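Engineer: Each chain, written out:
Protein chains: 2
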Amino acid sequence: MSIHQLFSQYENYRKSQLFFGNPETLYAPMNYIMDLGGKRARPLLVLSSCISAGGEINSALPLAQAIEVFHNFTLLHDDIMDNAPLRRGKPTVHEKWDMPTAILAGDNMLVAAYEFLMNYSGPEKERIFSIFNKTGREVCEGQQMDMDFSQKDHVTEAEYLKMIELKTAVLLGCAAFMGATAGGSDEETAKLYYDLAIHVGLSFQLNDDWLDAFGNPEKTGKQPGGDIAEGKKTWLYIAAKNKELPIDEWFKNQNVEERISITLEALKAHALDAELKQLAASYEEKANQDIKLLKARNQNTAILEELIDMLAGREH
Amino acid sequence: MSIHQLFSQYENYRKSQLFFGNPETLYAPMNYIMDLGGKRARPLLVLSSCISAGGEINSALPLAQAIEVFHNFTLLHDDIMDNAPLRRGKPTVHEKWDMPTAILAGDNMLVAAYEFLMNYSGPEKERIFSIFNKTGREVCEGQQMDMDFSQKDHVTEAEYLKMIELKTAVLLGCAAFMGATAGGSDEETAKLYYDLAIHVGLSFQLNDDWLDAFGNPEKTGKQPGGDIAEGKKTWLYIAAKNKELPIDEWFKNQNVEERISITLEALKAHALDAELKQLAASYEEKANQDIKLLKARNQNTAILEELIDMLAGREH
Numbered sequence: 001m002s003i004h005q006l007f008s009q010y011e012n013y014r015k016s017q018l019f020f021g022n023p024e025t026l027y028a029p030m031n032y033i034m035d036l037g038g039k040r041a042r043p044l045l046v047l048s049s050c051i052s053a054g055g056e057i058n059s060a061l062p063l064a065q066a067i068e069v070f071h072n073f074t075l076l077h078d079d080i081m082d083n084a085p086l087r088r089g090k091p092t093v094h095e096k097w098d099m100p101t102a103i104l105a106g107d108n109m110l111v112a113a114y115e116f117l118m119n120y121s122g123p124e125k126e127r128i129f130s131i132f133n134k135t136g137r138e139v140c141e142g143q144q145m146d147m148d149f150s151q152k153d154h155v156t157e158a159e160y161l162k163m164i165e166l167k168t169a170v171l172l173g174c175a176a177f178m179g180a181t182a183g184g185s186d187e188e189t190a191k192l193y194y195d196l197a198i199h200v201g202l203s204f205q206l207n208d209d210w211l212d213a214f215g216n217p218e219k220t221g222k223q224p225g226g227d228i229a230e231g232k233k234t235w236l237y238i239a240a241k242n243k244e245l246p247i248d249e250w251f252k253n254q255n256v257e258e259r260i261s262i263t264l265e266a267l268k269a270h271a272l273d274a275e276l277k278q279l280a281a282s283y284e285e286k287a288n289q290d291i292k293l294l295k296a297r298n299q300n301t302a303i304l305e306e307l308i309d310m311l312a313g314r315e316h
Numbered sequence: 001m002s003i004h005q006l007f008s009q010y011e012n013y014r015k016s017q018l019f020f021g022n023p024e025t026l027y028a029p030m031n032y033i034m035d036l037g038g039k040r041a042r043p044l045l046v047l048s049s050c051i052s053a054g055g056e057i058n059s060a061l062p063l064a065q066a067i068e069v070f071h072n073f074t075l076l077h078d079d080i081m082d083n084a085p086l087r088r089g090k091p092t093v094h095e096k097w098d099m100p101t102a103i104l105a106g107d108n109m110l111v112a113a114y115e116f117l118m119n120y121s122g123p124e125k126e127r128i129f130s131i132f133n134k135t136g137r138e139v140c141e142g143q144q145m146d147m148d149f150s151q152k153d154h155v156t157e158a159e160y161l162k163m164i165e166l167k168t169a170v171l172l173g174c175a176a177f178m179g180a181t182a183g184g185s186d187e188e189t190a191k192l193y194y195d196l197a198i199h200v201g202l203s204f205q206l207n208d209d210w211l212d213a214f215g216n217p218e219k220t221g222k223q224p225g226g227d228i229a230e231g232k233k234t235w236l237y238i239a240a241k242n243k244e245l246p247i248d249e250w251f252k253n254q255n256v257e258e259r260i261s262i263t264l265e266a267l268k269a270h271a272l273d274a275e276l277k278q279l280a281a282s283y284e285e286k287a288n289q290d291i292k293l294l295k296a297r298n299q300n301t302a303i304l305e306e307l308i309d310m311l312a313g314r315e316h
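Protein chains in written order, with our numbering: chain A, 1 to 316; chain B, 1 to 316.
These are computed hints drawn from the structure, not numbers from a lab. Note that the coordinates shown come from a computational prediction; the quantities given were computed from them, not determined experimentally. Some hints could be false.
One copy or two, it doesn't matter: identical chains are merged, so the pair holds either way.
[What the hints assert, rightly or not] Here are the simulated EDC-like cross-link-like pairs (lysine to aspartate or glutamate), alpha carbons at most 16 Å apart as the crow flies:
hint, residue 1, residue 2
1, Lys125, Glu115
2, Lys243, Asp153
3, Lys232, Asp153
4, Lys152, Glu24
5, Lys219, Asp208
6, Lys162, Asp148
7, Lys191, Glu124
8, Lys295, Glu188
Chain A on its own, in the form it takes in the complex (with noise of 0.2 Å):
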């Protein structure tokens, strides 16, 4: 089985499992974020780990639903929070419909996701139940720790850590752990995959700050410095503040180029741009040791390392 084998079943089991009901007008939108697209990397990583474990997919696919059906719910939510007008290019849903109708088929989602959870008929119902209803609330935690944010003076590289831990890597966690108990693994196993998985959710996230202002415009396909323009508190910007350099300063030139290319220049004559790639490095190394841990355990984590490499656009 491969990746994209695996996406094929789940794309499948996703489109026979369309929401449906009245009125119509609640469950487009529903039907129409989840059609938007995206490399469904949270339901790929259910199905990996389970396949990892020993497990077959058949059990896991409600559990890869109930994911990505709360990740779509937080992107709704999201983009109403963030007054987003696109998402992957299109309309976001309270753009093209209005916002009560983006908040209440976002709230639905949430229920639809649990709908899913309830459909899953594999060992260990009471854990996965509870590492989602926890992973629910530190998602919503990670949300408003990145809006108070905003509001503050000075945040710690800890808070930044925490924030973007809450935000996204917990739910890659647990996927990773779902998975891996439908597909059998013990509490101590699964709890393996889960460390796994947050370790390459934070990975991730430092290498996308990276990118977004370091990175080679013809491979990512944008502007680097898109964050620092827009004055968003990312990493660099945090552990700017923390070294005490002047960052407000150089955001305050008006033109935007200029706020860029000064800014930019700046992190580098102070290494951030190495600080950063090192941190993202360091999260690399501690999932490389999971993964070792894993094979230890006799983990057949084939699939689960060329699901990593993918997303991290590695080639295999």
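Please build the complex by placing chain B on the supplied structure of chain A, with the hints as guidance.
Structural biologist: Structure of chain B alone, referenced to chain A:
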């Protein structure tokens, strides 16, 4: 055990279960809305159904809390959608904090409702989860129908009744069903509790529509005709339209007091006040039949009847 004692027991439990976590900006609004008060009709319905069915209330307390947290989640999000400034005389969450915080606190309350559900350790967990999910979906559908009505030229009476059933009655039905199940009822008997609560909910809502238009201001504490002044599509508006009465013409009067008095007189002249009263009474009659059916199954309905009378404002 009296309703008054049951209320105290629920409140003690509720206060022992305050939300707690970081960031505090996420958890404070959740406790704020839960603390605004209210009759606690839904948790009391869970607990009194449990007693009626012959159970002890301890196992039903987490269910009562799940329902109350879910209900407050819907209030929180509905207030955003309705742009409401006040809830029980206090600023709404999106006014006191802001809209993104209100969305997120609501989302986290929905997750928290499921966490309370998970704490239930009584009989028939699957059945409890399944009705809760179904109800969550239906409440979203009811809210969407309500929003859609404001854009629609024509709404039938059946559509209006379906909307109030989904928006308000099914959560009462769910509360009664879960309480009875926790108390030991089989599915068929629990379904009778469900029907009873649906009928009670519909009669309450229709009585509220009547009271808003024709109630004695000395008893209701508000000027009659508030819904009409706001142009809301209540049963009276829909019935007038369906009788081809020129209610939109009456509504055009720029003087609010005249608009209300002209409309109310015309509705009375066409006996729509009596028709609404009769419709509400027909659901009350159905509820009485449900009580008889429950008694025929040896259910001890005394405390449930006391609760319904109290909620209806009837002396016992």
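Engineer: Next, verify each hint and record whether it holds.
Structural biologist: Verification of the hints:
Taking the shortest alpha-carbon separations for Lys125 and Glu115, both the intra-copy value of 13 Å and the inter-copy value of 14 Å come in at or below 16 Å. In this homomeric assembly, Lys243 and Asp153 come within 16 Å of each other (Cα to Cα) only inside a single copy, at 14 Å, whereas the closest approach across copies is 62 Å. For the identical chains of this complex, Lys232 and Asp153 are intra-copy neighbours only, at 13 Å inside a copy versus 45 Å across copies, given an alpha-carbon limit of 16 Å. In this assembly of identical chains, Lys152 and Glu24 lie within 16 Å of each other by CA distance solely across copies; the values are 14 Å between and 41 Å within a copy.
Only within a single protomer do Lys219 and Asp208 lie at most 16 Å apart by alpha-carbon distance; the minimum there is 13 Å, versus 62 Å between protomers. When the C-alpha separation of Lys162 and Asp148 is checked against a cutoff of 16 Å, the pair qualifies only within one copy, where the shortest distance is 13 Å, while the shortest distance between copies is 41 Å. Within a single copy, Lys191 and Glu124 get their C-alpha atoms as close as 14 Å, which meets the 16 Å cut-off; across copies the closest is 30 Å, which misses it. For the identical chains of this complex, Lys295 and Glu188 are intra-copy neighbours only, at 14 Å inside a copy versus 51 Å across copies, given an alpha-carbon limit of 16 Å.
Violation of the numbered hints given earlier is absent; every hint is satisfied by the structure.
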